[in-house]
Amino acid sequence: MKVMRLFNLLILFFFLTILGTDSSFCQLKSNYLNSEKEKKITVRIKKLQRIQKYQGQKHSIIEFRNIERAIAKGDISQLTKYFNSRTYLNLTKGVSGYYSNNHVYYVLKKYFRKHKVTSFKFDKIYTDANTPYGVGSYYFNTRSGRRSLRIYVSLKRVKNEWKILQITLN
Amino acid sequence: MKDKIIENLKGEKKYLYSVFLFVLLFFLSGFITPIILKNITSNWNKSVSKKITEIENSVRNIYKQKEQNLFYVGKQIKNDLIETLSPRNRTYAKLIKLINNPYYDNYSIEILAPNGKLIAWTKNIAIPVYNILPLSYPAGHLYFYDSDLITYLSVTDTIIIENEQFYFSVSLPIEKKYKLNTPYYIPLSFTEELTSKFDVNFKIFYSPFAENENNKRTYSFELLNNNDEKIALITFDIPLLENQLSNISSYSSLIQSLLLIIAFLLLLPSFRIEYKRIKHKSIKIVLLIIYLFLFRLLLFNAKDLFDFLIPVLTNPSYYSSKFAYGFVKSPIDFFISVLFVLIISIKIFQFCKSFLVQNNKSNPLANKWKYLHFVSLPFLLILFLFLIRGLNASVKSVIFDSTLRYFKEPNLIPDLPSLLMNLNVLLLGISIILILIVILLFFLSIYITSSDRKFYFFSLVLFVIFQICAYYFIELQPQPLITQFLSFVIIILLFLISIRIYYINPLSIYNYFYIAVTASIIVVSLMNYFNLDLEKESLKTTALEVNRSNDNLFEYFVNELLIDASNDGAVKSSFMIQNTNYNALAFKIWSGSSLQKESLPSSVVIFDRNKIPVGNFNLGLGSDAVLDKYYLNEDVLTPEIFEIIDNDLPHTSIITGYMPVKLNNITVGFISASVKFNLENLGLQTIPDFLASNLNIVNSVININQLKIFTFENSKVTQIFSDIYPSLDQVKPILNANFSKYNEAWIYLTLNNEQYLTYVLKSQINDEDKIISVSVLEKDLSWDLYNFFKLFIVQSIFMLVFLIFLFISNIKKTTFTFRTQLLIAFLIISIMPVVLLAVYNRSIIEKKSITAISQGLNERSKYVEDHIRSQIAKHEERTFPIIFNNTAKELGISFSVYKGTDQLFSSKQQFYDTNIFSTKIDPIAHYYINYLNYKRFIDEDHLDRFTYQTIYKKINLKKESYIISVNNAFNKIIIPYSVIEVDVFLFGMYSFAVILIIIFSTIISNRISSPVRKLTGAAKSIGQGDFDISLDVKVRGEMKELVEGFNAMAREIQKNQIEMAELERENAWKEMAKQVAHEVKNPLTPMKLAVQQLLIAYEDKKKNFSDILKKLSETILSQIDNLNLIATEFSNFGRMPLSKIERINIVEEIRKSCNLFLHEKIKIDIKTEIDAAEINADSNQLRRMLINFIRNSIQAESTKIMVSISKSRQDYIILIEDNGKGIPQKDRDKVYNSNFTTKEKGMGLGLYLAKRYIESLEGNISLLKSSKNGTTFKILIPLDKKE
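Read top to bottom, the protein sequences are chains A and B.
Counted the way this note's numbering counts, the first sequence spans residues 1 to 170.
Counted the way this note's numbering counts, the second sequence spans residues 10001 to 11283.
Accuracy of the hints is not assured; some may be wrong.
Stated by the list, open to error - Here are the simulated lysine to any residue pairs, SDA-like style, with alpha carbons at most 25 Å apart:
1) LYS73(A) - GLU10242(B)
2) LYS10197(B) - ASP75(A)
3) LYS10629(B) - ASP10608(B)
4) LYS10396(B) - ASN102(A)
5) LYS10066(B) - LEU10241(B)
6) LYS124(A) - THR10638(B)
7) LYS10177(B) - ASN101(A)
8) LYS116(A) - ILE10255(B)
9) LYS159(A) - THR10638(B)
10) LYS10847(B) - SER10870(B)
11) LYS73(A) - SER10246(B)
12) LYS10935(B) - LEU10957(B)
13) LYS11081(B) - ILE11126(B)
14) LYS10179(B) - ARG143(A)
15) LYS114(A) - MET10832(B)
16) LYS124(A) - ASN10633(B)
17) LYS11251(B) - GLU11148(B)
18) LYS10051(B) - ARG143(A)
19) LYS10540(B) - PHE140(A)
20) LYS124(A) - LEU10224(B)
21) LYS10177(B) - VAL158(A)
22) LYS114(A) - ILE10255(B)
23) LYS114(A) - ASN170(A)
24) LYS116(A) - LEU10957(B)
25) LYS114(A) - SER77(A)
26) LYS10179(B) - ASP10944(B)
27) LYS10847(B) - VAL10835(B)
28) LYS10396(B) - PHE10798(B)
29) LYS10051(B) - ASN10215(B)
30) LYS11274(B) - GLU11142(B)
31) LYS10322(B) - ARG143(A)
32) LYS10064(B) - ILE10186(B)
33) LYS11040(B) - LEU11156(B)
34) LYS116(A) - VAL158(A)
35) LYS11034(B) - GLY11045(B)
36) LYS10972(B) - ASN10633(B)
Derived from the structure by calculation, the hints contain no laboratory data.
Could you put together the complete structure from these sequences and hints?
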């Protein structure tokens, strides 16, 4: 009988564990301030002057849009397909260097979890460069208030796919 | 009711109640939190003003604390100065010693003479003399002093001694105005301190003139000093309801996580008894796995709790991998996962070991397994090979998916994340190796033999099979993770440890230590091996890095720097302040930028509103990289970026830009920034160590100076990073490389007859082929002992801790036997000198390193001095600045020259202009050279955590005295061995030696003490009456004689015993014959008389003859009964030897008997649930009987005996079950017969006597079953009638 009780309890904890994905169990999810607003993502693209030279790189704009959407949602899983075997990250608080494909996922995931994005958009996207890149402003909430960072993302074509060469946050 | 509750709470149930309590609290906190949040929301307006007041008061208190500390130090110094400056004792030299006391290390202290001259100072000078006098604040009043790079809280006071007024100033650093991304930088910020404490953004204006901001979102208040004067304005963001709610919600989540974890942990003691009662170990393991899995899930979701408690260990950049669905997403997650896996591995290992090692043939399960054995072998072999591959892949992930560079750690004992990762890898290694050993045990248990030779031969065959399979397993893999050699070594180590566990010492608890050592050797070797891979990979990374550093990136860096700097309020206001140190301003701007973070050759130049350069900070850029004022235009609103084309450097990219700084739409100045990249700067030679970023990946895996990098454009060499200039023939393999579809190739390049491993990357830029090749000498990639020891030393610490833990946990069972004493003696004798030697060698090499630095500095100072003198001799007309400059350029040595106490010249002037270094001479050097007249003096200095040495040397030039100084902050001095190298080699090698000593000491002490232990056991057995013993020990010398003597003695005792028994028996018979004769005579006399009387009566024909006949017949019959009785008594007397009947506990006696065989190759398990089984019997005979049973089992080649004691209604039931070769069918009926034996030296009395003994107790003994798998005897002993 006691063994059965043990099983019952284990099952109870199992459900509690599964349910409480962010450890906020049974808390009412109503939002008093209605602070979550619909984030509309708009991309402003700088007038490209040397676009003829880099026709092939025009398509990277679509990728930048996807990346922008992923960052704005704080959803790293959408970025996974852009990670190269080695991606250069330069984040605030000491994270800097080349990260393996396996490694980069949780590094960025935690970073975006800690710096919960409130809005993000690329201010400029340059596709007329050797390596197309985009620069944007990343707004996030901290305990002490709202702050912002500048993001630099550059892409590189590998095996006919666009991969992120570098992400820098300043 | 109350009593019942109390009773429940006292027992095991208290844990269960606690579980429910915590679960209740968990739900409760979940329900309460929204109520609290609602309450806070509705009362926010009231509480926010209260909160603001609280913050203001707390900030004031924090400031007061700093003020009091400063005040206290000031007071102490004042008292000391009064003493030192009194005319009797007055010497300025003493003052320098006094204020440079380590106690005042955190403070900057300056003392001025009545004439305003600086007479004593500390190494860090906060305020220039001209800013101390005239006093900006009244004496004794505290204020903030804004120096170029640091803001201080200062106080200046006076001391009047006999009408002379001295001044002294004490300053406490409060806020650094620059940020460096180096391993040495120590941040200091009062603003950050307050922001992190109160979770609101703070701004502090360290000026009495700062004015309140009219802003509804912020709150400002004035900070007053000890005299209620305003010295600063503090502004902070008014706490937001949104943040407050979010904080409370997250704290509540943390509490909930904690409650759930505690509840889950409490489940363990709650169900401890039930868990123990579960008979099937496999069910126990399954339950444990379920429990740990659920617990892991719970901890997985409690990530915020770990972030809160141990943020440093949850950082995924130290280690994280997508493998295992996030269960290894940080070092701490990896630790928890691997710890749980280890627990499960240990349980599986224990279960399988007890099942496989003991060879329990009588176990019916084993028989079933016998058939499964052969079916499962191929699967197990495949599992074995894949597990090794799994271990390799995991260790590779630890190396590749981490920013930790285990082999480049600057300290012997690394920091916490690295330490934890080392532990994780070790635990992972142990977990997998435990399972690998289980598989090997499974294979070893296929063939059962008692012959050593056969067993080792079988093991060898298995070993060969495994090696062949592993060889083909690696050969068949398209991308094998490890080499054949590593695989070979791993399998050797696994076989060695498995044979020890299976055959040599299955029961030793120290087997776990040996497993840990094996695991450590394997994982450290693997880490070392994969680090080689990483080094190779770093060639690729370097090529990527060269590719990454392109104009777009630099344009971005310059652009961001200019935007940030031109919008920075502090920078803007600097243009409005008189006497601003623009060099320091340029350094501050540079320090916070990506240019510093990426350690790029770069510069920041400040122009005034008239476009005249007023300050700059330049690292590795020539003056031509500075933007000409012609380009500056104050009308631009965004940074203007240019590329500077230098015809002399066609393949060097210099990106420069500028931005006007505007205050109220009026241009007050310009900021310009430039950055350069070419291969020559890859090695960071242009940047001093104390400013170089520690995060440059190029520098983090492999020493950049070991690399040779060439770039080609359209098949022509364009840039070289190498001391070798290759010929066209030499680089042909690069150009003709067979590129993959990813445009990369790995080739070997031969340069100067040496082989270089080379990575070649091709890319197309502007329709031109660009090729980058990165090479490293192949021998530089060799697996070396230094790296092995670097990690092994860390892991050996864990292993020694584990060993101590095992020893302490086993201390109750540890008896200080001859073996233990021998082992301790060995360890003390061998470890002591090793440790002493290590410490001694370290101190010697440390001294040599210091001497090498001193010599290096001394030599350089001598070159400088000689060069200066020779210039003076040759060119009298040259001024000192020209001479000094020439010396620095021609010798390539950086130095400074002082006249008196002030710097006259420095070849690294910009570092002094920016105030990173002080232009005042080091006070300690001043003390020794100017007061004590030392000719030269070497002092150690610090710049945050960066330590460097400086030599100060007094020289006379043109009849005037000067001091030259040379330090190793600007001059790199190569020492033969760094302290870390020495530490790793000494302590690494010695720790390896210590572990080898422990292993060999154990083996040797075991071997030496083995015959003594066997003799002790045999002597004990003889003492218990077991004479049928003969030692078989293969030893030589005195020990052999001792063993042979003992065997002879045992045989002699046995023989004497038999003879004695014979003699005793003979005597007893004689005595008995007498007794019988005597006893028989007694009834015979009355019988004879009765018969005679009967005859007389018959002859006399007496009338009452029938009466007489009847009477006398009764007498005769009675005497016959007597005779019968006598005969029975004698019969009983003759049946057993004399017994000593006493109250004995059967269980206890069985245990004592079994303990005699502790050191023999047999495992005896006693299984009983009865604590005491008391009967009246002779304990000696009972023990003798059991010894006889065990001895018979050993002689029947048993390895395990199970003695089970149970109780029925009438009897105690003892089952003695062995796994020996059994009793042949034909002999089974004869085993109780006296003189029946199958042994060479047996007497055939053992079982005969046992039967008689048991029957004397009115019990019964029977042979329950016997086969070639073992024998079982059943003994019944009646319970006491009282029971």
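Against the structure, the hints come out as follows:
1. With a C-alpha separation of about 20 Å, the suggested pairing of LYS73(A) with GLU10242(B) holds against the 25 Å cut-off.
2. A C-alpha spacing of about 30 Å is found between LYS10197(B) and ASP75(A), which places the hinted pair above 25 Å, so the restraint is violated.
3. Restraint check for LYS10629(B) and ASP10608(B): satisfied, since their Cα atoms lie roughly 10 Å apart, inside the 25 Å limit.
4. Our distance criterion of 25 Å between C-alpha atoms is met by LYS10396(B) and ASN102(A), whose separation comes to about 12 Å.
5. About 31 Å separates the Cα atoms of LYS10066(B) and LEU10241(B), which puts this hinted pair outside 25 Å; it is violated.
6. Restraint check for LYS124(A) and THR10638(B): the C-alpha separation of about 13 Å stays at or below 25 Å, so the hint holds.
7. Proposed proximity of LYS10177(B) and ASN101(A) is contradicted: the alpha carbons are some 37 Å apart, above 25 Å.
8. With a CA separation close to 22 Å, the supplied pair LYS116(A) and ILE10255(B) stays within the 25 Å bound.
9. Restraint check for LYS159(A) and THR10638(B): the C-alpha separation of about 37 Å exceeds 25 Å, so the hint is violated.
10. A threshold of 25 Å between alpha carbons decides the hint, and for LYS10847(B) with SER10870(B) the separation of about 34 Å lies outside it, so the pair is violated.
11. A threshold of 25 Å between alpha carbons decides the hint, and for LYS73(A) with SER10246(B) the separation of about 19 Å falls inside it, so the pair holds.
12. Restraint check for LYS10935(B) and LEU10957(B): satisfied, since their Cα atoms lie roughly 14 Å apart, inside the 25 Å limit.
13. Restraint check for LYS11081(B) and ILE11126(B): satisfied, since their Cα atoms lie roughly 11 Å apart, inside the 25 Å limit.
14. Of the supplied pair hints, the one linking LYS10179(B) and ARG143(A) holds, its CA atoms being roughly 22 Å apart against a limit of 25 Å.
15. Taking the CA atoms of LYS114(A) and MET10832(B), the gap is about 51 Å. The hint is violated against a cut of 25 Å.
16. About 24 Å separates the Cα atoms of LYS124(A) and ASN10633(B), which keeps this hinted pair within 25 Å; it holds.
17. Proximity of LYS11251(B) to GLU11148(B) is assessed by CA-CA distance (about 21 Å); at most 25 Å being required, the pair is judged to hold.
18. For the proposed pair LYS10051(B) and ARG143(A), the alpha carbon gap of about 15 Å is at most 25 Å, so the pair holds.
19. Distance check on the hinted pair: LYS10540(B) and PHE140(A) sit about 35 Å apart at the alpha-carbon level, beyond 25 Å; violated.
20. For the hint pairing LYS124(A) with LEU10224(B), the CA-to-CA distance comes to about 47 Å; that exceeds 25 Å, so the pair is violated.
21. Annotation: proposed proximity of LYS10177(B) to VAL158(A) is violated, straight-line Cα distance about 43 Å (limit 25 Å).
22. A C-alpha spacing of about 19 Å is found between LYS114(A) and ILE10255(B), which places the hinted pair at or below 25 Å, so the restraint holds.
23. For the hint pairing LYS114(A) with ASN170(A), the CA-to-CA distance comes to about 15 Å; that is within 25 Å, so the pair holds.
24. At roughly 65 Å between alpha-carbon atoms, LYS116(A) and LEU10957(B) are farther apart than 25 Å, so this suggested pair is violated.
25. Annotation: proposed proximity of LYS114(A) to SER77(A) holds, straight-line Cα distance about 16 Å (limit 25 Å).
26. For a cut-off of 25 Å, the pair hint linking LYS10179(B) to ASP10944(B) stands: about 12 Å separates their Cα positions.
27. Between the alpha carbons of LYS10847(B) and VAL10835(B) the distance comes to roughly 18 Å, so the proposed pair stays at or under 25 Å and holds.
28. Of the pairs offered as hints, the one joining LYS10396(B) and PHE10798(B) holds, with about 21 Å between alpha carbons and a cut-off of 25 Å not exceeded.
29. Of the pairs offered as hints, the one joining LYS10051(B) and ASN10215(B) holds, with about 18 Å between alpha carbons and a cut-off of 25 Å not exceeded.
30. For a cut-off of 25 Å, the pair hint linking LYS11274(B) to GLU11142(B) stands: about 23 Å separates their Cα positions.
31. The suggested pairing of LYS10322(B) with ARG143(A) is violated, with an alpha-carbon distance near 29 Å, which exceeds 25 Å.
32. Restraint check: the Cα-Cα separation between LYS10064(B) and ILE10186(B) comes to about 23 Å, which is no more than 25 Å; the hinted pair holds.
33. A threshold of 25 Å between alpha carbons decides the hint, and for LYS11040(B) with LEU11156(B) the separation of about 22 Å falls inside it, so the pair holds.
34. Under the criterion of a C-alpha separation no larger than 25 Å, the hint pairing LYS116(A) with VAL158(A) is inconsistent with the structure, at around 31 Å.
35. Using a Cα cut-off of 25 Å, the hinted pair LYS11034(B) and GLY11045(B) holds, with the two alpha carbons roughly 14 Å apart.
36. Under the criterion of a C-alpha separation no larger than 25 Å, the hint pairing LYS10972(B) with ASN10633(B) is inconsistent with the structure, at around 42 Å.
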